[in-house]
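**Q** Residues per chain are reported as follows:
Protein chains: 2
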Amino acid sequence: MKNLLVAQSGGPTAAINSTLVGVLTYAYTKKGDIGKVYGAINGIEGVFEEKFIDITEKVKDTESMNLLSNTPSSALGSCRYKLGDKKEDEEKLKDIIAVFRKYNIGYFVYIGGNDSMDTVYKLAAYCELNKIDDIKVVGAPKTIDNDLAKIDHCPGFGSAAKYVATTFAEIERDISVYNTKSVTIVEVMGRNVGWLTAASALSKQAGGNGPSLIYLCESDFDMDNFIESIKNIFKTKSNVLVAISEGIKNKDGRYISEEVQSDMVDSFGHKYISGAARVLEEVVRKEIGCKVRSIELNLMQRCSAHILSRTDIEESKLLGMKACQCAIDGNAGVMATIIRKSNNPYEIELSSVPVSEVANIEKKVPLHWINKEGNGVQQEMIDYLLPLIQGEVEIEYRNGIPKHMIL
Amino acid sequence: MKNLLVAQSGGPTAAINSTLVGVLTYAYTKKGDIGKVYGAINGIEGVFEEKFIDITEKVKDTESMNLLSNTPSSALGSCRYKLGDKKEDEEKLKDIIAVFRKYNIGYFVYIGGNDSMDTVYKLAAYCELNKIDDIKVVGAPKTIDNDLAKIDHCPGFGSAAKYVATTFAEIERDISVYNTKSVTIVEVMGRNVGWLTAASALSKQAGGNGPSLIYLCESDFDMDNFIESIKNIFKTKSNVLVAISEGIKNKDGRYISEEVQSDMVDSFGHKYISGAARVLEEVVRKEIGCKVRSIELNLMQRCSAHILSRTDIEESKLLGMKACQCAIDGNAGVMATIIRKSNNPYEIELSSVPVSEVANIEKKVPLHWINKEGNGVQQEMIDYLLPLIQGEVEIEYRNGIPKHMIL
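Here the protein sequences come in this chain order: A and B. Sequential numbering from 1 applies to the first sequence in the UniProt record's numbering. Sequential numbering from 1 applies to the second sequence in the UniProt record's numbering.
It is possible that some hints are incorrect.
Copies of one chain are not kept apart here, so a pair can be met inside one copy or by any two copies together.
Said to hold, decoys possible - Okay, derived cross-link-like pairs now, EDC-like style, lysine to aspartate or glutamate, Cα gap no bigger than 20 Å in a straight line:
no., residue 1, residue 2
1, Lys-363, Asp-61
2, Lys-60, Glu-373
3, Lys-86, Glu-63
4, Lys-92, Asp-252
5, Lys-364, Glu-287
6, Lys-204, Glu-396
7, Lys-181, Glu-49
8, Lys-237, Glu-45
9, Lys-237, Glu-49
Honestly, the hints are just simulated from the structure, not real lab data. This structure is a prediction, so every number in the text was calculated from the model and none was measured.
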């Protein structure tokens with residue numbers, strides 16, 4: 001009887017442990033068909049180093065599963081490992097298979113984003129090429145960036161989007177209390193894609209107006225237009241709330257932060273590049289001269305497990321189950337995926353896609369979901385996003401704060 | 001029958017509307033004794049401009065009271081107005097009284113922090129001096145800084161502390177996933193007091209270790225010691241989490257941010273001072289050379305109404321009721337306050353203090369609640385803080401995010 005190995009990789013999310021719970025849940029229903037369930041510590045790096053734990057010892061009942069599911073970040077640790085060129089790869093792939101043989105691994109589920117799907121792809125391809133058919137490698141998706149191809153939306157994104165929407169609504173309340181003119185620029189994660197920044201538009205659901213301006217990295221950012229837009233808004237409104245992707249670029253494709261700060265050095269004499277919001281803050285201060293503040297949502301937007309989207313958490317678990325099922329059914333080289341059947345009522349279907357169609361592709365926001373001025377989103381975007389943040393998850397508190405599971 | 005006026009002032013908190021609800025709750029029980037209940041928009045500035053609304057029209061049932069109570073920031077708006085020198089004051093105070101007369105105001109409850117208590121103090125003293133005994137001016141406290149004198153702890157602080165503790169626990173999970181050495185420096189609000197930064201120590205309750213280093217602004221910050229401490233921790237641990245107050249200063253009383261960045265200019269040629277955490281980030285990068293990140297909790301720590309401390313919200317309401325009661329009972333020139341009777345079980349008593357004993361005084365963290373090395377807190381601090389973050393508040397969600405009331 002073959003053992004199952006599961007690992008997590010890439011940037012943490014608030015839902016990646018829910019996918020892990022999904023893998024365990026399905027594995028437990030197949031107790032007769034599989035042996036042990038190992039977790040590799042620090043992703044594929046843990047495979048090389050044979051850093052395995054027997055998860056079944058730590059997570060065996062509903063209570064511990066729920067606690068793990070509501071714990072943010074990757075409970076098994078993570079890595080940023082990416083397989084290299086072809087020749088080097090082959091050695092590494094051989095090493096991985098050798099470790100799998102040593103531990104009698106028949107099923108490997110790798111939970112991760114773009115880079116991790118590349119690993120799944122190469123590993124599955126290696127197995128196929130070398131006729132290794134007793135090791136089934138499958139991917140389970142995750143990323144707050146929502147940039148994976150061949151999936152309607154990514155696990156982890158919905159919870160991050162719920163946090164972003166909630167936080168923008170709260171910031172809007174906070175900045176609205178004074179009568180004096182002010183600009184507040186909030187930077188959201190997304191180096192190349194603006195999905196999560198777009199979720200700021202959902203803040204309107206709280207009862208306020210939402211951000212006055214939303215800039216995604218898919219459209220060119222123009223500094224003059226930005227300043228002009230703020231001046232226009234000031235004609236009717238005192239407090240301007242702006243959402244920007246960290247990766248906004250000018251029309252030449254250069255990051256705004258680099259464009260403005262290229263000459264800047266600190267008193268140690270070394271280069272100092274801050275985030276895009278901080279740069280815009282300085283420009284607004286200089287060009288408009290009003291009160292201005294920049295805010296980075298930083299790590300909080302990807303690990304705020306105290307405000308999870310139930311939709312996201314449930315789907316993340318289902319995808320873990322689906323990935324595990326694919327592996328056990330012998331459907332290797334695929335990623336578990338979500339197909340949306342309808343927006344209203346929201347209906348999805350689980351499926352699987354060849355991971356070759358996912359690896360190394362970045363799904364950007366369609367330009368027709370951004371308004372003509374490049375400073376807001378269209379209704380299609382709202383309709384797409386809204387179902388993903390629905391529902392809350394009951395959290396277990398200990399001494400006043402949410403309890404976490406540490407493996 | 002005299003009317004009641006209520007206003008909010010100073011920096012917003014997640015609990016200040018709960019105090020407003022407390023004022024309304026008590027006022028409604030005294031329907032026979034008082035006339036209308038007005039709210040002044042933008043604090044005392046709204047009094048000068050006679051920007052009053054009749055709150056009873058908007059907030060009349062339990063449902064709307066709960067919604068208002070769970071809405072972050074000052075629903076009536078705020079101001080940073082501080083009465084000036086004695087001569088100028090007198091004119092202003094006269095103006096205020098004239099407006100009160102015009103609207104037949106017999107009771108004025110001002111919800112705010114230090115500056116607002118100064119206004120209450122001057123206004124009440126003016127009334128006493130001029131034998132105006134049909135206008136009763138009373139203060140209700142609030143501040144996330146927890147720096148008011150003659151009160152065990154301030155309304156709004158408990159919810160901010162719960163957010164800080166929760167967020168540190170989540171960040172700790174996030175930064176623990178990689179194997180490589182890293183330093184994460186999180187900056188918490190507090191220009192002169194470290195109470196809220198100390199709350200980071202409560203993050204341990206989630207099951208992790210809490211921050212390795214905690215620097216409050218009450219003790220002198222020494223850069224060499226800081227770097228040395230990190231190097232020491234690296235001997236046994238990969239990921240170092242650091243909590244700092246925004247106002248940490250060196251032994252000469254100079255802000256760290258100013259000390260390091262005094263020569264720095266951006267490409268516009270103007271001075272560029274960033275926050276303390278950003279400064280430490282650059283120093284760690286230079287001195288240690290490991291992966292390093294700085295995070296500011298920014299406005300989120302004072303407006304995160306999606307994770308409220310029930311203890312804080314209930315006490316905030318009780319203080320609003322108490323302040324209103326003082327006014328109606330003719331007990332002018334006081335601030336409603338909390339006296340702690342015991343830590344375990346946690347017991348408090350409501351009372352009132354002459355606002356003269358509160359105005360313009362800043363309550364700092366006692367030095368013996370900070371460890372000898374100046375980089376952590378003692379058990380006394382934990383015992384003091386822990387009761388304040390207990391309990392959760394049920395939040396009403398609309399379309400996936402908490403709903404707010406906009407007056």
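**Q** Within, between, both or neither: how does the pair Lys-204, Glu-396 come out at a Cα-Cα threshold of 20 Å?
**A** Answer is between: at 15 Å across copies they meet the 20 Å cutoff, but 29 Å inside does not.
**Q** At most 20 Å between alpha carbons: which applies to Lys-86 and Glu-63, within, between, both or neither?
**A** neither (44 Å within a copy, 64 Å between copies)
**Q** How would you label the pair Lys-364, Glu-287 (within, between, both, or neither) given a Cα cut-off of 20 Å?
**A** For Lys-364 and Glu-287, neither the intra-copy (32 Å) nor the inter-copy (39 Å) Cα distance is at most 20 Å.
**Q** When no copy is specified for Lys-92 and Asp-252, does a C-alpha distance of 20 Å or less occur within a copy, between copies, both, or neither?
**A** Answer is neither; intra-copy 39 Å and inter-copy 56 Å both fail.
**Q** Under a CA distance limit of 20 Å, which applies to Lys-60 and Glu-373: within one copy, between copies, both, or neither?
**A** neither (53 Å within a copy, 43 Å between copies)
**Q** Cα distance capped at 20 Å. Does Lys-181 pair with Glu-49 within a copy, between copies, both, or neither?
**A** between (57 Å within a copy, 18 Å between copies)
**Q** With identical chains treated as interchangeable, where does the CA-CA distance between Lys-363 and Asp-61 reach 20 Å or less: within a copy, between copies, both, or neither?
**A** Close neither inside one copy (37 Å) nor across copies (48 Å); limit 20 Å.
**Q** At most 20 Å between alpha carbons: which applies to Lys-237 and Glu-45, within, between, both or neither?
**A** Cα proximity of Lys-237 and Glu-45: across copies only (19 Å, versus 53 Å in one copy).
**Q** Given identical chains, is Lys-237 near Glu-49, meaning Cα to Cα at most 20 Å, within a copy, between copies, both, or neither?
**A** between (58 Å within a copy, 19 Å between copies)
Violation of the numbered hints given earlier is confined to hints 1, 2, 3, 4, 5; the remaining hints are satisfied by the structure.
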